[in-house]
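Turn these sequences into a full structure, and let the hints steer you where they fit.
For the record, the sequence lines run as chains A and B.
In this text, residue positions in the first sequence follow the UniProt record's numbering: the first is 1, and each later residue adds one.
In this text, residue positions in the second sequence follow the UniProt record's numbering: the first is 1, and each later residue adds one.
Simulated from the structure, these hints should not be mistaken for laboratory data.
Zero decoy hints are in this set.
Quick list of simulated restraints, FRET-style, between CB atoms:
1) B/Q119 / A/L61: 32 to 40 Å
2) B/K121 / A/Y74: 37 to 45 Å
3) A/A305 / B/P48: 41 to 49 Å
4) B/L40 / A/Q64: 44 to 52 Å
5) A/R385 / B/H103: 46 to 54 Å
6) A/K63 / B/E93: 22 to 30 Å
7) B/N41 / A/L61: 40 to 48 Å
With a Cα cut of at most 20 Å, we get these calculated SDA-like pairs of lysine to any residue:
8) B/K69 / B/E93
9) A/K21 / B/I120
10) B/K57 / A/P418
11) A/K149 / A/I100
12) B/K121 / A/P20
13) B/K81 / B/A111
14) A/K25 / B/G92
15) A/K126 / B/D46
16) A/K149 / A/D106
17) A/K123 / B/P48
18) A/K398 / A/S250
Cβ coordinates follow ideal geometry from the N, Cα and C atoms, glycine included.
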Amino acid sequence: MIALVDCNNFYVSCERAFNPKLEGKPVGILSNNDGCIIARSEEIKKLGVAMGTPYFKIPDLIKQHNIQILSSNYALYADMSRRVMQVLSRFTPTMEIYSIDESFLDLSGFAQDLTAYGSTIAKTIKQGTGIPVSIGIAPTKTLAKLANKLAKKGIAGHRQVLDWNTLTDTNAVLQHFPVKDVWGISSGWGSRLAKLGIANTYDLKQTDPKWIRQHFGVVLERIVRELNGTPCIPMEMIAPARKQTLTSRSFGERLTQLLDLRAAVSVFASRSAEKLRTQNLCALSICVFIHTSPFDSSKPAYSNAVTIRFDQPSQDTGWLIHCALSGLARIFKPGYHYQRAGVLLPDLVPSGTQQLSLFSDEPEMDAKHGQLMSMIDNINRIHGRHTIRYASENLSAKWRMRQNMKSPAYTTSWAALPAVNVI
Amino acid sequence: MPHFITPLFNTHLKLPLFGSQVPAGFPSPADDHLESELDLNEYLIDHPSETFFVRAKGDSMLEAGIFDKDLLIVDRSLTAKHNDIVIAAVGGELTVKRLCVQHGKPWLLPANPDYRPIQIKEGSELYVWGVVIHAIHRMNANG
Chain A
1 MIALVDCNNF
11 YVSCERAFNP
21 KLEGKPVGIL
31 SNNDGCIIAR
41 SEEIKKLGVA
51 MGTPYFKIPD
61 LIKQHNIQIL
71 SSNYALYADM
81 SRRVMQVLSR
91 FTPTMEIYSI
101 DESFLDLSGF
111 AQDLTAYGST
121 IAKTIKQGTG
131 IPVSIGIAPT
141 KTLAKLANKL
151 AKKGIAGHRQ
161 VLDWNTLTDT
171 NAVLQHFPVK
181 DVWGISSGWG
191 SRLAKLGIAN
201 TYDLKQTDPK
211 WIRQHFGVVL
221 ERIVRELNGT
231 PCIPMEMIAP
241 ARKQTLTSRS
251 FGERLTQLLD
261 LRAAVSVFAS
271 RSAEKLRTQN
281 LCALSICVFI
291 HTSPFDSSKP
301 AYSNAVTIRF
311 DQPSQDTGWL
321 IHCALSGLAR
331 IFKPGYHYQR
341 AGVLLPDLVP
351 SGTQQLSLFS
361 DEPEMDAKHG
371 QLMSMIDNIN
381 RIHGRHTIRY
391 ASENLSAKWR
401 MRQNMKSPAY
411 TTSWAALPAV
421 NVI
Chain B
1 MPHFITPLFN
11 THLKLPLFGS
21 QVPAGFPSPA
31 DDHLESELDL
41 NEYLIDHPSE
51 TFFVRAKGDS
61 MLEAGIFDKD
71 LLIVDRSLTA
81 KHNDIVIAAV
91 GGELTVKRLC
101 VQHGKPWLLP
111 ANPDYRPIQI
121 KEGSELYVWG
131 VVIHAIHRMN
141 ANG
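Structure (structure tokens):
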């Protein structure tokens with residue numbers, strides 16, 4: 001049996017964990033740059049605010065219902081996610097972290113009463129981290145996902161745990177479950193299946209898997225088999241090694257000056273180098289891209305990218321910034337209103353495996369650079385990110401995101417710990 | 001991914017523990033061999049993923065040894081008992097108080113005669129956010 005544990009309205013729940021005032025109120029969390037609503041509390045969902053609603057479009061509704069709007073605080077969400085996953089790992093030897101707020105737990109061979117076990121898990125997570133979770137338990141991952149959705153909809157009453165095997169008539173449940181809501185069903189399949197008379201999930205379950213394979217491929221065949229209770233999608237316990245890394249942001253305002261873009265690209269390159277070092281990887285090349293907004297139809301559009309290859313693999317911030325800026329100089333054209341830039345490292349190799357190039361700097365130089373990088377990383381880890389940075393990162397702050405309503409980094413910064421009144 | 005300062009156990013501050021007293025000027029050869037290392041995280045924190053740090057603000061808990069600006073280590077995995085110092089949510093605010101149960105009724109007691117106890121009225125839910133397990137108070141001037 002497999003359990004899917006899913007945090008309820010995760011970003012909102014993280015904010016509420018440190019700010020009890022948000023409890024019971026409609027809460028919306030904004031995307032980067034405070035653009036759209038990307039996470040919603042139950043209360044704001046009931047007011048009809050859809051996922052992705054642009055923030056500027058609902059000022060009256062916000063006033064009228066006292067909707068609490070916050071910028072996203074990813075440092076907080078990442079830390080809370082780590083905590084939830086660590087607590088979850090105590091409940092099973094086999095766990096797959098599926099996303100920031102979801103995990104599959106293998107409960108094969110566990111106690112008979114899995115509903116009770118699930119309730120213990122939910123209670124432990126809620127008490128220990130403040131995050132409410134819903135749990136679906138079933139013989140396959142696909143059914144566990146489905147059971148989780150049903151639990152969220154309240155099929156198990158107020159309990160947030162549903163064991164698929166405790167349902168008396170699963171076929172009747174599947175008849176009311178839309179195919180498009182099944183895990184892994186692409187939107188294109190949904191309409192194609194509907195045309196073939198497969199309207200609900202029960203119909204899909206009854207379809208011959210071999211026929212499905214011929215017409216839709218092996219992915220949908222697996223889903224059909226999983227709906228019938230045969231596990232086909234294995235647990236993935238080790239995240240696949242990164243093959244590339246992307247650091248990109250849209251700007252807080254449109255940029256026209258090379259100087260502002262240089263600052264942004266420097267920060268992206270520096271951040272990329274940092275990511276490489278934490279994962280013991282080196283890059284073989286760097287790609288810089290810039291573009292104007294696809295929505296600015298009144299202004300001239302421009303986008304371009306350039307890739308620069310290295311003589312030998314590198315994870316050195318100075319070198320990555322140097323290459324990124326020379327790339328930027330080649331693609332930058334004046335007269336455009338740039339909306340976004342990014343740095344992509346498309347080819348990564350494990351560090352320490354590089355061969356020395358015949359024409360490279362002295363090996364001693366490389367060792368010194370390595371020491372410098374680890375010293376910078378240590379200082380920034382202890383004193384906060386950006387304590388030490390390259391000068392070009394500081395050229396301009398014009399590109400930085402708007403995050404006017406962000407909560408403090410409650411759990412990851414000494415200066416931002418939650419204050420409790422001793423009054 | 002951001003860097004996590006707390007309470008990840010990869011930020012060990014290890015201090016050596018010596019096995020025997022060393023008479024001045026005559027080191028024992030046995031002391032070349034460290035017996036173990038001391039880790040403050042290990043001493044202060046039992047449940048790392050459920051432990052949070054908060055900053056105390058105010059003086060109502062002076063007699064319990066909690067001073068303004070002290071760092072409180074809060075374990076949320078513990079269920080609060082009578083006489084525990086807890087972080088509780090009262091009227092949407094987090095506050096630190098001693099939890100007392102008298103005649104089956106919960107009270108939040110300050111530890112300073114200048115402040116009044118808070119009775120948790122019937123019907124209103126007392127939400128205990130976590131149990132304070134340590135208060136860390138700096139003795140010297142900040143340096």
